[in-house]
Structure formats: C-alpha cells, structure tokens
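Line order of the protein sequences matches chains E and W.
Each number in our numbering corresponds to the 1-based position in the first sequence with 7 added.
Each number in our numbering corresponds to the 1-based position in the second sequence with 7 added.
Hints were generated in silico from the structure; no laboratory data involved.
Source: prediction; values computed, not measured.
Wrong hints could be hidden among the right ones.
Identical copies carry no separate label here, and so any pair may be met within one copy or between two of them.
Claimed, not checked - Derived DSSO-like pairs: lysine-lysine, alpha-carbon spacing no greater than 30 Å straight-line:
1. Lys-48 to Lys-158
2. Lys-135 to Lys-158
3. Lys-135 to Lys-125
4. Lys-169 to Lys-77
5. Lys-13 to Lys-167
6. Lys-13 to Lys-158
7. Lys-49 to Lys-14
8. Lys-125 to Lys-13
9. Lys-83 to Lys-19
10. Lys-13 to Lys-77
11. Lys-125 to Lys-83
There are 2 protein chains.
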Amino acid sequence: MDKSEKKETYNKEALMRETIRLATENVERGGGPFGAIIADKKGQIVATGVNQVAVNNDPTAHAEIEAIQKAAAELKTFNLSGYDIYASCEPCPMCLGAIYWAHIDRLFYANTKEDAQKAGFDDSFIYKEMALEPSNRRLFSERMLGEEAFKTFENWISKKDKTIY
Amino acid sequence: MDKSEKKETYNKEALMRETIRLATENVERGGGPFGAIIADKKGQIVATGVNQVAVNNDPTAHAEIEAIQKAAAELKTFNLSGYDIYASCEPCPMCLGAIYWAHIDRLFYANTKEDAQKAGFDDSFIYKEMALEPSNRRLFSERMLGEEAFKTFENWISKKDKTIY
Numbered sequence: 008m009d010k011s012e013k014k015e016t017y018n019k020e021a022l023m024r025e026t027i028r029l030a031t032e033n034v035e036r037g038g039g040p041f042g043a044i045i046a047d048k049k050g051q052i053v054a055t056g057v058n059q060v061a062v063n064n065d066p067t068a069h070a071e072i073e074a075i076q077k078a079a080a081e082l083k084t085f086n087l088s089g090y091d092i093y094a095s096c097e098p099c100p101m102c103l104g105a106i107y108w109a110h111i112d113r114l115f116y117a118n119t120k121e122d123a124q125k126a127g128f129d130d131s132f133i134y135k136e137m138a139l140e141p142s143n144r145r146l147f148s149e150r151m152l153g154e155e156a157f158k159t160f161e162n163w164i165s166k167k168d169k170t171i172y
Numbered sequence: 008m009d010k011s012e013k014k015e016t017y018n019k020e021a022l023m024r025e026t027i028r029l030a031t032e033n034v035e036r037g038g039g040p041f042g043a044i045i046a047d048k049k050g051q052i053v054a055t056g057v058n059q060v061a062v063n064n065d066p067t068a069h070a071e072i073e074a075i076q077k078a079a080a081e082l083k084t085f086n087l088s089g090y091d092i093y094a095s096c097e098p099c100p101m102c103l104g105a106i107y108w109a110h111i112d113r114l115f116y117a118n119t120k121e122d123a124q125k126a127g128f129d130d131s132f133i134y135k136e137m138a139l140e141p142s143n144r145r146l147f148s149e150r151m152l153g154e155e156a157f158k159t160f161e162n163w164i165s166k167k168d169k170t171i172y
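Just chain E, with the same shape it has in the complex (with noise of 0.2 Å):
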C-alpha cells in the first residue's frame, strides 16, 4: 500500500476528542453544534458528518445521518456491521433509528438529550412523542387504506430476488 493511503489509527478517546472537534468547528461555519464520526474496529476513520440542517435547508441533515451515508457510499453497503459510530451528542430518535438500520456495532455519545434540550433542540421532547401511540401524540396521525396497501409487502413477501437489509 502507498503509504500516503495508509489511514492514522486513533484509540476511543482521540475519536471523542475529534468527533467534539468537528462539531465544535461547525458552529464556527454557521452549522449546528454536532458532530458524528465512522469508524473501523483498528480506530481509523471512515467518514465524517456535522449538522447541515440551516445550512443545507434539510432537516435530516444532522451529523449521523451524514457520516452514515458517507460510509455507506465509500465502503458499497448499507450494513456497516463491524464498525462503530462516535457522536458528540447522544443520537436523536432519527439518527439512533439510522444507526439501527445500519446494524452499527457500538455507539460512543458525549453530551446527553438532557445536554442538548439545555442547548434549545427537542431530542427529548421526540423520545417522548415516539414512545406514544400515534393517536397520543402531537403530531397528527390517520391511518387510511391499510388493506390496500398490504397488497404492496404481498408483492414483497412473495418476490423472489429481493435483498433483506
């Protein structure tokens, strides 16, 4: 290998470190405080994500949810099984949901939902929604045409050459 490829290894807290770095740098930019970083089990870095949300004008744009797709894109896979994710804050309820469907082994977090409700965001205010029925909770849900659209996982359960994730 040309040794200008061969990747630093970092230990777990160095990644903390430049995970809280990065996020620490994104408000500098105007970008939210977080930051997110993907990495293999020798502690070299895969990918990198901050949050985007007001800078990019996407909600979804938060540090996790980057890193992930940034990974996914340089290793070819949507399962990043065997690698681990550090957040400078403990992941909201969509971006720990990325993390499962990824099948990331370990998750390392700094700041807490209570750190960051201080801070103005509604992590714990949407932990707390999710935990509730849909007809409970303040956002408004109807459910409409379901056998109709069971049609569609027949469709799916019946097909043949389909990939699971």
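Got chain E; can you put chain W on it based on the hints?
Frame of chain E, contents of chain W only:
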C-alpha cells in the same frame, strides 16, 4: 401562471393511492416496498420518495427521508410546517424523527409497523429499543467525555447569530 406549471390537486384518498402505487412500482424496480408523498393543504404534490436502501447502498434511503429532503430542497426551507406527509407504511423511528424535525403538520399512513414486521422489516424492534435507556438496548452504547463536549453547547448557547430549527 403557465398552464403547464399548474399542479393537479388530489384528495386524501387519491394521495394515499398514489403513495401505495409508488411503493408497489418500486418493488418491481428492485427497491423496498415503501413510498411517501409530501403534499400541501390544497392536495398538490410537492415531493415523492421511495425506499432505495438496497439499490443505492444507503441505509437512510427510506421513502419518507427522500420525500422530506426533496420537499425541503424544492421549498428552500428546513421547516415543512403547513405540509402533510403520506406514507404507504407507518414511519419507522428514523422517519418519524425526520417528520418531527421537519415540523410537518399531519401524517397519513396505510400499513402499520406490525404489517412491516410481517413483511420482514425491523420497525417494531427499533421502536422497542428506542423506549429503553441506552444501557438496556441491544446496541452497545457508552457515554464518554461529556464535560469536554458540553463546551460546544456552551459556545452554541452564547452565539448570537444562530438559526434555531
């Protein structure tokens, strides 16, 4: 307005049938059995999305995430209040989180998370994990360097020219 730019308006049932149609068509194309539409209060379609996890190697490429990203880009805002989302299946925690962050007004869905489980998807499992403390989840989680990270939030709190989302 040029007549060709005038968008059609649909009622709730028509919007959901179109969402289900997108999901069904996506299965035929090799994608997952999920579709989503963002519509305004007149019933005009602003953006659509389908599940492209396996075809794009992106674990975050769910129908609702794609529709929200496209609607936010089209409308040039991270705040989709005043808009509704139609989802062919009850959103998973990742997508429900995105719906909250986007401040979408109303959610309409057809299949339930229990239906999704019958079709082999992890939505119900992820909802259960979400409700647990990090230490009780199947996902290994560890908090570290909390005090160092909180300084990033202090920088954010004291910043004057910031955009709250």
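Against the structure, the hints:
no., hint, result
1, Lys-48 to Lys-158, "between (42 Å within a copy, 28 Å between copies)"
2, Lys-135 to Lys-158, "between (32 Å within a copy, 26 Å between copies)"
3, Lys-135 to Lys-125, "both (16 Å within a copy, 26 Å between copies)"
4, Lys-169 to Lys-77, "both (24 Å within a copy, 26 Å between copies)"
5, Lys-13 to Lys-167, "neither (41 Å within a copy, 41 Å between copies)"
6, Lys-13 to Lys-158, "neither (50 Å within a copy, 32 Å between copies)"
7, Lys-49 to Lys-14, "within (10 Å within a copy, 53 Å between copies)"
8, Lys-125 to Lys-13, "neither (40 Å within a copy, 45 Å between copies)"
9, Lys-83 to Lys-19, "within (25 Å within a copy, 38 Å between copies)"
10, Lys-13 to Lys-77, "within (19 Å within a copy, 37 Å between copies)"
11, Lys-125 to Lys-83, "between (38 Å within a copy, 28 Å between copies)"
Consistency with the previously given hints fails for numbers 5, 6 and 8, ordered from lowest to highest.
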